[in-house]
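K.L.:
Protein chains in written order, with the working numbering: chain A, 1 to 300; chain B, 1 to 278.
Derived from the structure by calculation, the hints contain no laboratory data.
The structure displayed is predicted, hence computed values, not measured ones.
Possibly wrong hints are sitting among the right ones.
[Claimed, not checked] With a straight-line cut-off of 25 Å between C-alpha atoms, the simulated DMTMM-like cross-links for lysine to aspartate or glutamate are:
(1) A:LYS192 x A:ASP182
(2) A:LYS293 x A:GLU209
(3) B:LYS23 x A:GLU219
(4) A:LYS293 x A:ASP182
(5) B:LYS23 x A:GLU263
(6) B:LYS23 x A:ASP236
(7) A:LYS293 x A:ASP282
(8) A:LYS293 x A:ASP272
(9) B:LYS23 x A:GLU230
(10) B:LYS23 x B:ASP10
[Claimed, not checked] Here are a few chain B residues that face chain A, going by a calculated C-beta distance under 8 Å:
(11) PHE19
(12) LEU20
(13) MET22
(14) THR138
(15) SER249
(16) PHE250
[Unchecked claim] Some chain B residues near chain A, calculated using beta-carbon distances under 8 Å:
(17) PHE21
(18) PRO130
(19) ASP135
(20) LEU137
(21) GLY253
(22) THR254
Think of the CB as a built atom: it goes at the ideal place given N, C-alpha and C, for glycine as much as any other residue.
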Amino acid sequence: MSFSFSRSACWVPLLLAGTLVAAPVAPTDTPASAPHPLRVVTSFYPLQIAALNIIGDTPGVTLRNLTPPLTGCLHDYQMSPADLVALAQADLFIINGGGMEAFLSQATRQLPHLRILNSGEGLEAPPTSPAAGNSHYWVSPALHLRQIARMADGLAAADPGHAAEFHRNASNYSARLSFLRDEMHASLGGIKHREIITFHEAFAHFALEFGLNIIAVIEPENGSQPSARELSQTIDIVRSHHIQALFIEPQYPAQAAQTISRETSVPVFTLDSCATGSVTPDAYLNLMRANLKTLREALK
Amino acid sequence: MLELWYHAVDLLPGDWTRFLFMKQALLAILLVMPPLSLLGVLVVNQRMAFFSDVIGHSALTGLALGTLCGLVDPSPAMPAFAALLAVLVSLLKRFTRASTDTVIAVLFALVVSAGVVLLSRGGGFAKYTPFLIGDFLTLAPTQLVRLAGVSLLVGLGLLLMWKPLFLISLSPSLARSRGIPVFGVETGFAVLVAFMVAAAVPLIGILIVNSILILPAATARLWAPNLRAYFLIALLLGLTGGIAGLLLSFYWGTACGATCSLLIAGAYLIAAFGRVQK
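Excised from the complex, chain B in its bound form (with noise of 0.2 Å):
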């Protein structure tokens, strides 16, 4: 079947269409990129951007745990971790008094630094570098299809959970009222956005996810006059900011991710100016 996808690019025009290194990365960036912008419209709605930048941070103590546990591939441990983390985090907002802002604050001191010291024993944590910025260019054929299956997930959560959300998010107890198990849409949704995050770590980088993830709904909201175009316009900043960023990357030759985040911070700029002046 990716056959005819690398067939099919083949079609466009430029010379990185002659490498296959690209058509997969081209693969990976439309699907990584939609579920990741309709997310953030989620995420940036329910103020839950603090939240998705730690769990893009424990991606590297899921890493050491999972390394820790003779894991020969510890990939698993990622999301595994981050959607463990996001229940902690769910809990912790619904029975302590503390703030969520400290909870969170206080919970990725804790991942972050017990990562880095799980991962520098014994000196060696440069090899790990390629997670901080990501990597879009030596991906295999099995990660497509299990960023597809991730992909495939968050999209059928959203679906379910994006009217729940926002009448939450409007009123929780008005939201109640209508049967709606708030508690249980909230940590659902967190591990849903730990799930997509921890796929899009190895890929975007841990530095730039949050960006990725933020960005596009941040932006969209300056122009959305309503709801549906709030989503469209989210969507289509995530796809464009992304294959735009993935060419300029080749010729380039900067990272992916970053090149990305970059451009679609570019039209945060130019929308938040255009605000500016009416």
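Excised from the complex, chain A in its bound form (with noise of 0.2 Å):
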């Protein structure tokens, strides 16, 4: 029985030769060369919209966002080929830092060069305090404050021609946020009820800048379901300490909430960690007056 081996035995070279030539198109390190534009990208949603504030009109700067819109918080985001290639042509890399970009070390070990703007540098707190190990400094109308200062030195330090633009608009966009806060701060002074269990852990910081007890928080990581024993405790301390609301955030599901509400007869409110939404200079002042207006209504 005759067999055709050499004719079958073409394909594999030939699909050998095929992934040789795919190969060059994976992402490498190649440093900036000529004048262009500075490609600023930011590794999520918040950070997103404080940049577009502090770059503004600013001529020969681009601005894009890494993960895609309705990505949320980053707890277990994995990073996609189209990613690294996004990075390896960044010039810098706006994070929030305080380990809340996981795959930053992924990142990093194969773009050596790329160049990091740490956010959240020095805003971690202190290891006594209920928001310890928490990174989510940008919920923190005062942290944020603080970050929208590092982005903006840490831009004008990549690009120094337009540093004075870039200070400018973040002292006008600082001004602004400062304004909400103290209106935050006078709204939420005087109310009775400081105690309230969460969702999710993104609301530690906030409830530190406005004296809020957080009590309990139910899936502290992304994703996970409470089992009978954290729910049947959660209850347990809804009722014991007479809490007035439970509160969700609109990016996750609210199984568990719902449950525990109609267990306790608990309402269930809606507060916002800007983590998602709209891309508009605003979104993050909009998003925390909306916070200001539930907060009011859900703890008077």
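Assembling the complex is the task here: the two chains are given apart, and the hints tell you how they should meet.
P.N.:
Printed below as a string of structure tokens:
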């Protein structure tokens, strides 16, 4: 029986040749060459909004966000090849820091020359604080103001020609945020019920700033469902502390909260951690203002 | 009507009865374990354990397709896709010459990879992990009603189909000579399995649902002297494993579905060991 071995064997080298052609498409670490617009990449949404305000109309600067619009918090985020390509071409990568960007070590291993601006440097809470180890800095207006200042400095260092514009824009935005922050402090200063339960750990720094006491956090890890033991303990806490409101976020499924709400007759309110939203300059300010309204209603 | 159930459960001992969600979970166990265990007897008999595994894993893909189609609540897409897959497997078994194992393995690969690719776009796969291990604790009353509906449907289907299925497994030509539409019954059974497994996945989890389906029947097979006992023992194992698993998961803080499965697997080991001793 004859065997056309040679004919079928031809396919193997052809396939291998094909992969060799595809290989150069993989991202490599190329240093910036000829003058080009400053390519800024932010790791996720709240930083994108802040950068949008700081950069404003400055010519010669492009901004893009690494993660798709509905990603939300970066817990367990896995980079795609397109993300690595975007980072390979970036001049400045603005991150939140504090461990939020868990994939960072992967990125820096592949791209050792990537210039990283850590907006959250120095914002870590001391180990004894209830917010220790929590990297959701931007949710607290006071900490976000410091992130904005750091971002402006970092951008100015990367592009000294436009430093004046960056600082001017940053100070305008910071002024508006400060005004909102003062309003929030005035409003929330007089509330009596300061004990709350949240369904994600995003509000630790926010609670610290406004003197709220987070008694319990359900689903401390993203996507984890509470066990029967945890649920029953939370229900007991809600009952014993006479909790007024359960706070969920729009980005996460609310079943655990609704179960507790059904069991204890405590209403559920939505607080936005500003991890997703529309890409407009005022987005963060609007979301915070909405949060203020919700808190006033929930904790009166 | 649920109120009657809540009051009834209050009469039982234990700290867990204070909680509404535990009473609902208990009702869910009583609704989902019996049809699964009984169905499992037939699945083991028809040698369809691999098929039911694929159906379980196809829940991810069904969910992905439902989300893609823009459904606000993508959960009906799971049983719909599972049923479609069941019919496809039945057709392929009938009309191709490849072995059933290969056909199912190919579909398994296709279905699972498609599901993961669709759901992991945008890097957000983590929020689907509850489907992998299941969730008995955050059930809404409407889910319980839907579950009751599916269990009733499956119960009726079992009553109609168990005799023809056993005959088919003994001898398809004999069954045909008796006027039983073999292809119709087998496909109908496959679709029934698809509906039940798809309904059970949100509760028990994709990783565990096939174990709950197969283990009671596999264990009962070791002990049962006759057919009626086979069904009865499987049913009892499913129920006791389910109830004990729920209560243990409450005190241990573990996932309910997996705890139930571990208990029934323990029963299997005891039975198998007992068998070896003889």
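K.L.:
Hint by hint, work out which the structure violates, then give me just those numbers in ascending order.
P.N.:
none
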